[in-house]
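Undergrad: In case you want the letters, here they are:
There are 2 protein chains.
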Amino acid sequence: MKVGVLGPRGTYAELAARSQFGEKIEVVPYPMITNVAEAVARGDVQVGVIPIESLREGSVGEALDALAWIDVKVQAEVVVPISHSLLGVLGAKLGEITQVLSHSQALAQSREFLRKNLPKAELTEMTSTAKAAEQVGKRKQPHMAAVGPKALADIYGLKVLSEDIQSGEFNITRFFCLAREDSKPTGRDKTSIMFYTAQDRPGFLHEILGEFAVRNINLTKIESRPSKKALGDYLFFIDFEGHREDPNAKEALNSVKPKTAKLKVLGSYPKRY
Amino acid sequence: MKVGVLGPRGTYAELAARSQFGEKIEVVPYPMITNVAEAVARGDVQVGVIPIESLREGSVGEALDALAWIDVKVQAEVVVPISHSLLGVLGAKLGEITQVLSHSQALAQSREFLRKNLPKAELTEMTSTAKAAEQVGKRKQPHMAAVGPKALADIYGLKVLSEDIQSGEFNITRFFCLAREDSKPTGRDKTSIMFYTAQDRPGFLHEILGEFAVRNINLTKIESRPSKKALGDYLFFIDFEGHREDPNAKEALNSVKPKTAKLKVLGSYPKRY
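Chains as they are written, first to last, in the working numbering: chain A, 1 to 273; chain B, 1 to 273.
Simulated from the structure, these hints should not be mistaken for laboratory data.
None of the values given here were measured: they were computed from a predicted structure.
Just to be clear, a hint being listed does not mean it is correct.
Note that identical chains are pooled: a pair holds if it fits in a single copy or bridges any two copies.
[As the list claims (entries may be wrong)] In silico DMTMM-like pairs for lysine to aspartate or glutamate, Cα to Cα no more than 25 Å straight-line:
no.	residue 1	residue 2
1	K257	E122
2	K120	E38
3	K228	E112
4	K93	E241
5	K120	E241
6	K2	D233
7	K116	E38
8	K138	E251
9	K250	E23
10	K221	E241
11	K120	E62
12	K150	E241
13	K257	E23
14	K264	D164
15	K259	E207
16	K257	D65
17	K228	E241
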């Protein structure tokens, strides 16, 4: 089974893919979230795994755009706890690190550790935690270190200088598994939808949410995102409890559709949290 | 007048500050959005200017958190069109650039130009466009270039290799001016609020939005953001048209307050778009 993930090798998306589909999958890394979704739409891979939101940093804009505009379905959600390590070359010492590379979210999540232990280190943002580890492995400088999942140490020949360096508070990232079809009802499901309106008038969103409220359907998330046409012109993303084939969810979606300029049911999938 | 901005010198936040307050202000750069808000709360600066959302990339998470938890008010909104240039050292030539540095949003916004003109260049993410320009100015390598506002060329001794390299589509960033007090009514205002609920039940958000809908108050933005306690536990940010002292806005806010665990009126300010 071919699974596309946001690459390079060893990112949290790969961990999420392995936790969902096991160790025997063939992982195909792509440089951007959009590329993963496109590969699924073309059928180059059966499934694609992309980060959708983090407890601390919020939604991933590129993922919302991919869901809105690329012809794929959400088949599953996977939740992965985030644990960062500080990784250096063999022979590196924690006290001698002067440059730390990582993805901006990972640097932000490890800010307290870095401030306390390496207050003078220069922080360099990279496109992914794996790219940072790759760079440190390539340059072989004992003053350089990368922040990312421990699994990167093996892939890029690094050693773990310090484990669990993320801020004391619990952190998790939610991933979506994208496929050509979504999932069958299990009795404990969630559904994600996207919609927008051509008109800008008071009460539009209130009316839409009313279709869920009157049917006692619980919303687990709502998000507006610029439609990229004008500031203040938004796409809305809503997650609700239930499967799109449940009679009351079906009724709610049928009532919402004529109120929008476009409604896209992104998919129904087993609820994981 | 001292104005704190997201630093270093020459970022779009500084351009926004000058467009709002003129050229005679003393600009004080801070490394993070949180630091700008804290400086305003302490009274170290009279005003702070922070990016709140971009048409293409959506809301800035750190800015929403700062608004939620730091004791400051939104006094004004400023909208700045984004125009990126490619900046190199004196003697650099466009065709010889092999490394391009910038903030991840600026690199994303210039992706088409870079793909077409510098398909082999390595892209390096920095914490800001200004930091990228500073680095290029310091290293003095003719193969390096930075992407950012043209104004950075003068500040860091660089020359403009190419102008307006952002993607053809129009792009703007919205900034908030933070102060100890918000603004008086002008007759054409907006108000920003933040709230959360202790309970997770169907219809909560629908009820809240109903208080605005029945009073014919137009919402211009809604956003949920993880509260950082559990995934699915959200803060809500809403912007609506009108001043918090307008009778119907006052009524709506008074009706919303008892439905929430916390309601913070972030401020009322003249509507700019």
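Undergrad: All hints are to be evaluated individually against the structure, with a verdict given for each.
TA: Structure-based check of all given hints:
1. For the homomeric pair K257 and E122, neither the shortest alpha-carbon distance inside one copy (51 Å) nor that between copies (44 Å) is at most 25 Å.
2. In the homo-oligomer, the alpha carbons of K120 and E38 lie at most 25 Å apart only across protomers (22 Å), although the nearest pairing inside one protomer, at 42 Å, exceeds that limit.
3. Taking the shortest Cα distances, K228 and E112 sit within 25 Å of each other only across copies (16 Å), while inside one copy they are farther apart (35 Å).
4. In this homomeric assembly, K93 and E241 never come within 25 Å of each other (Cα to Cα): the closest approach is 49 Å inside a single copy and 56 Å across copies.
5. With identical chains, the CA atoms of K120 and E241 are never at most 25 Å apart, being 47 Å at best within one copy and 46 Å at best between copies.
6. Taking the shortest alpha-carbon separations for K2 and D233, neither the intra-copy value of 38 Å nor the inter-copy value of 34 Å comes in at or below 25 Å.
7. Within a single copy, K116 and E38 get their C-alpha atoms only as close as 42 Å, which misses the 25 Å cut-off; across copies the closest is 20 Å, which meets it.
8. Proximity of K138 and E251 under a CA criterion of 25 Å is satisfied in neither setting, with 56 Å inside one chain copy and 62 Å between copies.
9. In the homo-oligomer, the alpha carbons of K250 and E23 never lie at most 25 Å apart, since the shortest distance is 37 Å inside one protomer and 58 Å across protomers.
10. Taking the shortest alpha-carbon separations for K221 and E241, both the intra-copy value of 10 Å and the inter-copy value of 24 Å come in at or below 25 Å.
11. Taking CA atoms no more than 25 Å apart as the test, K120 paired with E62 passes between copies only; the shortest distance there is 23 Å, against 33 Å inside one copy.
12. For the homomeric pair K150 and E241, neither the shortest alpha-carbon distance inside one copy (34 Å) nor that between copies (48 Å) is at most 25 Å.
13. With identical chains, the CA atoms of K257 and E23 are never at most 25 Å apart, being 41 Å at best within one copy and 50 Å at best between copies.
14. Taking the shortest Cα distances, K264 and D164 never come within 25 Å of each other, neither inside one copy (39 Å) nor across copies (34 Å).
15. Proximity of K259 and E207 under a CA criterion of 25 Å is satisfied in both settings, with 8 Å inside one chain copy and 19 Å between copies.
16. For a Cα distance limit of 25 Å, the shortest separation of K257 from D65 inside one copy, 20 Å, qualifies, whereas the shortest one across copies, 33 Å, does not.
17. For a Cα distance limit of 25 Å, the shortest separation of K228 from E241 across copies, 21 Å, qualifies, whereas the shortest one inside one copy, 29 Å, does not.
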